[in-house]
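Put chain Z on the given structure of chain H with help from the hints.
Listed here are the chains, written in short residue letters.
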Amino acid sequence: MPRPLWSGSLSFGLVNVPVALFSAVRDMDIHFNQLHARDASPIETRRVCSADGQEVQWDQIAKGYELEDGRWVLLNDEDLAAAAPHKSQTIDVECFVRECEIDPVYYDRPYVLSPRDEAAARAYTLLGEGMAKSGRVALGRFVMHAKEHLVSIRPRGAVLTLTTVRFAEEVRSREEIAEAVAAGAEPSSEQIENAAAIIAELEVSFDPSRYKDEHRAHLQRIIKRKQKGQKIVAPKVQEEPKVVASSAPDLMGALQESLARIRGEAAVGGDAKRKPARRRSKAAVQGATRVRRQS
Amino acid sequence: MPMPRSLWNGTIAFGLVRVPVKLHSATESKRIAFKERHALDGAAIEHRRVCAKERKEVPYEEIVKGYEVASGEYVVLSKEELAIADGAQARVIDVDHFVAEEEIDPIFYERAYYLSPGRLGEEAYRVMHAALLRTGRVGIGRFVFHNKEHLAAVRALEDAIVMQTMRFADEIVSDSQLDVPRAAKKATKLELDTAQLLIDQLDAKYEPDRYQDRYRDEVMALIERKARGEAIEPPERALLTREADLLDVLKQSIEQHGARKRRGSRSNAGKRPPSKPSAGEPSASKPTKAKRTAKRGGG
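Here the protein sequences come in this chain order: H and Z.
Just so we're aligned: 35 in our numbering is position 35 of the first sequence, and the numbers increase by one with no gaps anywhere.
Just so we're aligned: 178 in our numbering is position 178 of the second sequence, and the numbers increase by one with no gaps anywhere.
Read the hints as simulated data drawn from the structure, not as lab findings.
This one's a predicted model, so the numbers in the text were calculated from it and none came from an experiment.
C-beta atoms are modelled at their ideal positions from N, C-alpha and C, and glycine is treated no differently.
Incorrect hints may have been included.
Sample of chain Z residues with no beta-carbon within 10 Å of chain H, all distances over it, derived [stated by the list, open to error]:
no., residue
1, 7
2, 8
3, 9
4, 259
Partial selection, computed: residues in chain H whose CB lies under 10 Å from chain Z [stated by the list, open to error]:
no., residue
5, 12
6, 60
7, 158
Isolated chain H, as found in the complex (with noise of 0.2 Å):
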């Protein structure tokens, strides 16, 4: 088990539930090191003080803040953590609500909250059948970090899942784009009937099992083949598709032969009548993109 990120109780009511938080993410990223070109030895980040040029520990930086006359002010751990003793300690739930009502922009990173032991573990267990039976889930808050973070708490198969929700200001407006696309000619009926009947035809089921991450792979390769002293060559680029249309008379081209190829294309896959869109297997759906790539 992962050592937890916070600590700390889960309040709901006048309930209180002693719970630990994790990450549900792992990174899978591959990393580089940074290495001095010429001897190909590792770089080392050292924190040198620009007074004196000694290298400082890093129990000896302080986080500065710079006010308006210049001056800093520096504070260290344990003065943050005065800041909101409660709401470092405490997720307090606030109220429940639908799910659907919070767009997914406004979700930041998911955690997994665990009951810190079985006594705990009854009260985090109801709170997670009672969201599941209303279809709610549950909006609080908490500092962690030194940073407050409104959270949204509901449950995945028997654990319950935190997420961090941004608060709105740190939401972008989008005004000014949506002034841009407003610009735009108004598309007709036809080109949107046509389009969400790509859509529709292109539509399954979301599986995630289903993507995985083809560049990780691919440049693992590439570090293997390097490692072996072979030289790596760029791979011929890929003629790009003749009918590329972006914009009137071509596009409803475009969207038109679009849909004849993919239908031809899922009938030759034979389940496409009889069960569409939701039910199309993997293949059919590879082979619509794979007529695409090949035109």
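The following block gives chain Z in isolation, referenced to the frame of chain H:
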């Protein structure tokens, strides 16, 4: 307000249609930015890159990227070789599938970006936007950005297309990797009913604007106190209460909530969370999903 700077220019591939788009960050951090200072003399801290062997500072142009294949053994990749890994489709968001939004577990969502139409892409953008809105579906595609491949969800907000990067399935920690303690005894029906009653009482409508980061103000107040030379006392550690009887505490919570509600004014008598005035609003009329979907969305 100026148009946010675009981070990336590329194309959404969707059927045979290519939609030129620009990518803009949809979110920004508002946390108080601290800088590292030396605790002893308050001087700025500099980061220096030093060669482990020569013990000398190394200029940036002499630094390369190496992957550690065994302890102390590195394979160096040049920028060009890294670009090869990105592949030929590096500037294309390839949308292969469309799914229903409610099928996507929010745990997969990562960073959000607004898409604006790129050069000559206005018409195709609006067609795609209208079709996504009409079908209520989310396009699932992939693209490479900053030497990393991302799974992406492309979806329509009421006035723009938003793209959200998503985690791959193997990036999600499985339950078996976390040994979460299980309750020895199952909850009784009465306990479950009581818990649901409490959830009902605290029912609210999610309105992003109702939540403000109040902690930031508290940190700012702390900074001001410290600037005046005041001492900051360490906080007392709160005691965790162990629940002897879960059902009793649940009932007390409901009673307490009811009492607060009765004390409240008539206009407050709806389903409003009791103790935190900013937490929600009466939700006596429950809007339909379509209505809610139309109203949501960032910024």
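Hint validity - residue 60 (chain H) Cβ closer than 10 Å to any chain Z Cβ: With a minimum Cβ separation of about 5 Å from chain Z (threshold 10 Å), the hint on residue 60 (chain H) holds.
Non-interface label on residue 8 (chain Z), tested against every C-beta of chain H at 10 Å: 14 Å, holds
Assertion that residue 7 (chain Z) lies outside the chain H interface [Cβ separation over 10 Å]: 12 Å, holds
Minimum Cβ distance from residue 9 (chain Z) to chain H greater than 10 Å, as the annotation requires: 13 Å, holds
Cut-off 10 Å, beta-carbon criterion: hint that residue 12 (chain H) touches chain Z: For residue 12 (chain H), the interface hint holds, since the closest Cβ of chain Z sits about 7 Å away, which is under 10 Å.
Non-interface claim for residue 259 (chain Z), where every Cβ of chain H lies beyond 10 Å: 12 Å, holds
Residue hint residue 158 (chain H), partner chain Z, criterion CB-CB below 10 Å: 7 Å, holds
In summary, this structure violates none of the numbered hints.
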